[in-house]
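Build the full structure now, drawing on both the sequences and the hints.
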Amino acid sequence: SARSEQTDAREAAREIATVLRAATPVRPDVLVVFGSFHHRALFSDAIEILRTELHPAHLLACTARSVISDHLELEAGHGMSAVALSLPGVVARPFWFDVTDGPPTVWSDAFIRERVALAPDEGDARGVLPHCGTIMLADPFSINAGQAAAAIDRAAGPAGAKIIGGIASGASHAGLNVLAVDRRIAHMGVVGLTLFGDLAIDCIASHGCRPIGAPFVVTKTKGNQILELGGRPALAAAQAMAQSLPEDERASFSQGLLVGIAVNAAKPRLGRGDFIIRTVQGLDAERGVIALAEPVAVGSTIQFQVRDAKTAHEDLDMLLDKEMLREPPAAALVFACQLRGSRLYGLGEHDAALISRRLGGIPAAGFHCAGELTPIGPRTHLNTQTAAIALFRAGRHRSPVG
Numbered sequence: 010s011a012r013s014e015q016t017d018a019r020e021a022a023r024e025i026a027t028v029l030r031a032a033t034p035v036r037p038d039v040l041v042v043f044g045s046f047h048h049r050a051l052f053s054d055a056i057e058i059l060r061t062e063l064h065p066a067h068l069l070a071c072t073a074r075s076v077i078s079d080h081l082e083l084e085a086g087h088g089m090s091a092v093a094l095s096l097p098g099v100v101a102r103p104f105w106f107d108v109t110d111g112p113p114t115v116w117s118d119a120f121i122r123e124r125v126a127l128a129p130d131e132g133d134a135r136g137v138l139p140h141c142g143t144i145m146l147a148d149p150f151s152i153n154a155g156q157a158a159a160a161i162d163r164a165a166g167p168a169g170a171k172i173i174g175g176i177a178s179g180a181s182h183a184g185l186n187v188l189a190v191d192r193r194i195a196h197m198g199v200v201g202l203t204l205f206g207d208l209a210i211d212c213i214a215s216h217g218c219r220p221i222g223a224p225f226v227v228t229k230t231k232g233n234q235i236l237e238l239g240g241r242p243a244l245a246a247a248q249a250m251a252q253s254l255p256e257d258e259r260a261s262f263s264q265g266l267l268v269g270i271a272v273n274a275a276k277p278r279l280g281r282g283d284f285i286i287r288t289v290q291g292l293d294a295e296r297g298v299i300a301l302a303e304p305v306a307v308g309s310t311i312q313f314q315v316r317d318a319k320t321a322h323e324d325l326d327m328l329l330d331k332e333m334l335r336e337p338p339a340a341a342l343v344f345a346c347q348l349r350g351s352r353l354y355g356l357g358e359h360d361a362a363l364i365s366r367r368l369g370g371i372p373a374a375g376f377h378c379a380g381e382l383t384p385i386g387p388r389t390h391l392n393t394q395t396a397a398i399a400l401f402r403a404g405r406h407r408s409p410v411g
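Residue numbers 10 to 411, in this note's numbering, belong to the letters of the sequence shown in order.
Each hint should be verified, as a subset may be incorrect.
What the hints assert, rightly or not - Straight-line Cα separation of at most 25 Å, DMTMM-like style, residue types lysine to aspartate or glutamate; simulated pairs: (1) Lys229 to Glu332; (2) Lys331 to Asp207; (3) Lys231 to Glu303; (4) Lys331 to Glu358; (5) Lys276 to Glu323; (6) Lys276 to Asp207; (7) Lys231 to Asp211; (8) Lys276 to Glu303; (9) Lys319 to Asp283; (10) Lys276 to Glu237; (11) Lys231 to Glu295; (12) Lys231 to Asp293; (13) Lys331 to Asp211; (14) Lys229 to Glu303; (15) Lys319 to Asp257; (16) Lys319 to Glu358; (17) Lys276 to Asp211; (18) Lys319 to Glu256; (19) Lys319 to Asp330; (20) Lys319 to Glu84.
Source of the hints: derived by calculation from the structure; they are not laboratory data. Here the structure is a predicted model, which is why all the values come from computation and not from measurement.
Right, dumping it as structure tokens:
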């Protein structure tokens with residue numbers, strides 16, 4: 010891994026290339042690069058420098074509000090981070106979608122499979138290569154990343170596409186984000202890599218929220234608006250719930266109200282980690298409506314959530330405890346919500362430092378996202394307030410990951 014805090018994107022790329030060349034003479038099979046929004050004007054130049062200097066077989070990149078490198082979260086200014094992966098026995102396939110392809114709701118399975126290699130599309134002399142996972146980056150202004158991920162999962166069949174990734178942040182309107190895969194540079198849509206072969210990509214998703222009050226069943230909706238909860242006007246039900254809470258719990262609402270949608274409503278007891286978090290976009294007191302960023306289905310179980318630094322720390326720490334019982338990963342990609350970092354903890358570098366400390370200082374690169382894509386079972390979900398981490402480990406049958 011390598012990072013640079015140079016203010017010139019081209020100089021940052023040269024610094025990163027020098028560090029990576031010194032670390033290993035091996036040509037990277039995959040180079041993943043993230044640059045803070047300060048670098049967007051010259052980000053394509055920086056990518057070309059990295060490509061010329063390092064000759065990666067494949068490259069995946071985007072700009073963001075701020076970047077993560079190893080144990081650091083470079084929130085304060087210019088930053089560029091990269092991780093170079095040597096993946097013997099692995100095949101990577103690039104893909105992309107843009108606005109000319111139409112919204113994901115109209116993509117057919119056949120069209121998706123023309124663009125995205127999915128199991129069992131890749132093989133070698135020994136047979137079909139296993140699909141290890143999909144890394145995906147998206148622009149928030151031009152495409153619904155949640156719908157795109159759902160469409161790709163559907164085309165992949167019962168096992169899903171095992172998508173992990175993030176939504177580019179740090180831009181105020183369309184056309185400012187920069188996305189790249191191999192030699193394709195774009196300012197909209199989706200880019201990604203699918204990986205096949207002797208590699209394990211494990212995903213952990215740590216949530217930064219705490220459930221509050223009792224769960225509700227959604228009984229009436231319209232688009233992204235919740236009209237009724239448990240047969241009552243949604244806002245009235247939420248207000249009644251809030252009034253029933255102790256005073257210190259009610260104070261938590263001052264940090265902003267979120268809604269958690271249960272992944273498995275049949276689970277007897279719901280707790281943290283059992284919800285997909287959605288932001289509340291608006292409240293209509295006259296109609297008693299709660300508007301979310303995404304639609305929610307009638308019959309869903311929801312529970313209101315509040316951002317909570319203590320819960321976020323404990324959740325990530327517990328997930329890393331489990332990873333320490335396994336073979337150490339070789340590298341990581343970190344997709345952390347832009348509302349984590351100093352905005353959640355009051356100080357920077359909490360998540361990155363904890364990941365690095367618990368996993369032995371592994372090479373890592375990432376960024377602060379406008380939404381995080383994580384696989385839960387066979388389906389991918391778009392989250393907020395989450396730290397989603399892709400851990401790369403050697404497969405069982407071929408040479409180790411470098």
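**Q.** Structure-inconsistent hints, enumerated in ascending order
**A.** 1, 6 and 7
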